[in-house]
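Going line by line, the protein sequences match chains A and B.
Under our numbering, the first residue of the first sequence carries the number 245, and numbering increases by one thereafter.
Under our numbering, the first residue of the second sequence carries the number 51, and numbering increases by one thereafter.
In case anyone wonders, no lab produced these hints; they're calculated from the structure.
Owing to the predicted nature of the structure, the values given are computational and were not obtained by experimental measurement.
Cβ atoms here follow ideal geometry from the backbone N, Cα and C, with glycine treated the same way.
Just so you know, not all the hints are guaranteed correct.
Said to hold, decoys possible - Simulated restraints on C-beta separations:
| id | chain 1 | residue 1 | chain 2 | residue 2 | range |
| --- | --- | --- | --- | --- | --- |
| 1 | B | P354 | A | R449 | 31 to 41 Å |
| 2 | B | G209 | A | R449 | 49 to 59 Å |
| 3 | A | E376 | B | G170 | 28 to 38 Å |
| 4 | B | E333 | A | L443 | 18 to 28 Å |
| 5 | A | E376 | B | E100 | 18 to 28 Å |
| 6 | A | L443 | B | S259 | 27 to 37 Å |
| 7 | A | R449 | B | E68 | 26 to 36 Å |
Spelled out from the first residue to the last, the chains are:
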Amino acid sequence: MRHFFLPPGTSSLEDIPPSTAGVVVGSEYCRHLLPTLEEMEEIVRSLSGRGLSLSLLLPVLRDRDLKEVLLPLVKKGREVESFRIIAGDWGQVFLLKGLFPDLKVIPGRALSGQKLCVRVDGSPFLREKEREVLLNDISSRRKFSEFLRKEFGIEEVFVNWTGVPPRKEGHLKRVYAFPYVFVTASDYCPHHGNRPSSLVHRCPRYCRNGVVRLDHASHRFPLFQRGKGKFFVPFSGDEEDEVSKVEHVYFPEVP
Amino acid sequence: MRILSPVDSPREVDVLIEAGADEFYGGYLPPFWEEKYGSIASLNRRSYREANVPSWEEFDSLLEECWKRGIPFYLTLNAPLLPEEEDGEILDFARRCVDMGVSGFIVSDPGLLIALREAGVKAEIHASTLFNAFSSATVKFLERFGVSRVILPRELTLGEIEGLAKKSGRVKLESIVLRGKCPNIEGLCGHLHDDPNRCWPCEMKYSRSWEGRFDSRLVREAFLALSEWEELDRYYSCGLCAIPFLAKAGVFAVKIVGRGSETEKKMRAVRMVKKMWELTRGEMDRERCVGMGRSIYAEEFGFPCQAKNCYFPEFFQEEAGE
Chain A
245 MRHFFLPPGT
255 SSLEDIPPST
265 AGVVVGSEYC
275 RHLLPTLEEM
285 EEIVRSLSGR
295 GLSLSLLLPV
305 LRDRDLKEVL
315 LPLVKKGREV
325 ESFRIIAGDW
335 GQVFLLKGLF
345 PDLKVIPGRA
355 LSGQKLCVRV
365 DGSPFLREKE
375 REVLLNDISS
385 RRKFSEFLRK
395 EFGIEEVFVN
405 WTGVPPRKEG
415 HLKRVYAFPY
425 VFVTASDYCP
435 HHGNRPSSLV
445 HRCPRYCRNG
455 VVRLDHASHR
465 FPLFQRGKGK
475 FFVPFSGDEE
485 DEVSKVEHVY
495 FPEVP
Chain B
51 MRILSPVDSP
61 REVDVLIEAG
71 ADEFYGGYLP
81 PFWEEKYGSI
91 ASLNRRSYRE
101 ANVPSWEEFD
111 SLLEECWKRG
121 IPFYLTLNAP
131 LLPEEEDGEI
141 LDFARRCVDM
151 GVSGFIVSDP
161 GLLIALREAG
171 VKAEIHASTL
181 FNAFSSATVK
191 FLERFGVSRV
201 ILPRELTLGE
211 IEGLAKKSGR
221 VKLESIVLRG
231 KCPNIEGLCG
241 HLHDDPNRCW
251 PCEMKYSRSW
261 EGRFDSRLVR
271 EAFLALSEWE
281 ELDRYYSCGL
291 CAIPFLAKAG
301 VFAVKIVGRG
311 SETEKKMRAV
321 RMVKKMWELT
331 RGEMDRERCV
341 GMGRSIYAEE
351 FGFPCQAKNC
361 YFPEFFQEEA
371 GE
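Just chain A, same shape as in the assembly (with noise of 0.2 Å):
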């Protein structure tokens, strides 16, 4: 079952394959990409009678944005039937938990524990028992599964794809990000001189105009970095089928 990505700005579902369960807003690595109120209501109105569902991606957020973004953003969401979260941090779930206790969380990639760096995959310093442990996700922790389970109602955890694991018994279900694994996010942002997001009070998201490529002699693979964000992609592209098989958000482009 695939989501679909639709970038920071976009309402138009054009472009979305006829097979797609849902769509997918937001950000995990900025506030500034998550929608505005009216782009979210913009959002909600294509979606209406389409039976898509909407999934809004959540990046760490202050006490102010929780308030003052995330709430209005919530509420409008939940015009759509089938509305989730894709929280960025804990205290995203215990809150909205605690407002809306019908309202389907997931924890997001950045609570998955995976340390997914461009350098797992060859680095000639780790062992496969290390690598092992980096490629893990909170998915694995049984009684943290639990917990979540009976305090939240949560069934399902984000993670970044690395291949199919099989899932144990108690374990959480996950839900695939691909094909962009999520490597890390600064509070830097290049766009704005490095100014830290609680002084960047209005962003023209001057990163969706691209990004910046990073190559490394050393790295199999290129980093790219949108933004605050930074990504890459560790496949050849062949996993699709592998992937079509398992429920999973698809990012089109970089995130």
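Fit chain B to the known structure of chain A by using the hints.
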């Protein structure tokens, strides 16, 4: 307000206390972990040996030195996610550490938070920066696991920390004030610190190219901003000016980064923080505090501080009248 210093050897205890340290934190990699996994996917997020106490005997001796002087020692068990099959060994290790005098553990893995609580390990639990406690909601979430202290992310402004402190209830807050400013948010970062020469992916010199709609000004500025991180020396990161205000806000401890660094560097850092704290205790005039912080910085390092090294760059912005 306490000054929390890194410590890597029993020989450092006295000199760091003399410099002004009130509490210590550090790492020790138990043999079961090192044999099985090595040190890169470390139990405590330090991939190089100097950042861990080298032997069990020295670790024991370090704890004894701390105990004799009544100084708490917090052990880092702060890997982002630990293999569940190792919980038993890790809990045994944690119990032995508590018996030897460890006051608490710095933890990043929510699974380990639960395991420690369920096992009834009698020690303080500190939530590491990896929990990204940018909001009071995250602090509340962590409180449910019995966390007694939360280490705040480096990226919060003073105003944001003051706001969090008002809402943190019984949970104590800790703020990083010296060394170790990172280009990335630690709790979001997957970069691997695997190179024995300690050149990390966040500070490497990359070949850069632009893919997308070309705008020469935009591209030039982005490249310039990215190159700044390649030139940044984390050793000089500083938040001294904020210390009196953090104390007034109710922040419980200020932390100095630097496990694995030379004793002299640790001493200098503790001395700087202690001096700032003593000279500005109760002082609330922003300008005077900033002046004092800058003077201590310049005196110790021999050059003036800069916005790019600053943990609280809003001070520079205020000064520029922005």
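(request) Report the numbers of all earlier hints that the structure fails to satisfy, in ascending order. (result) 2, 7
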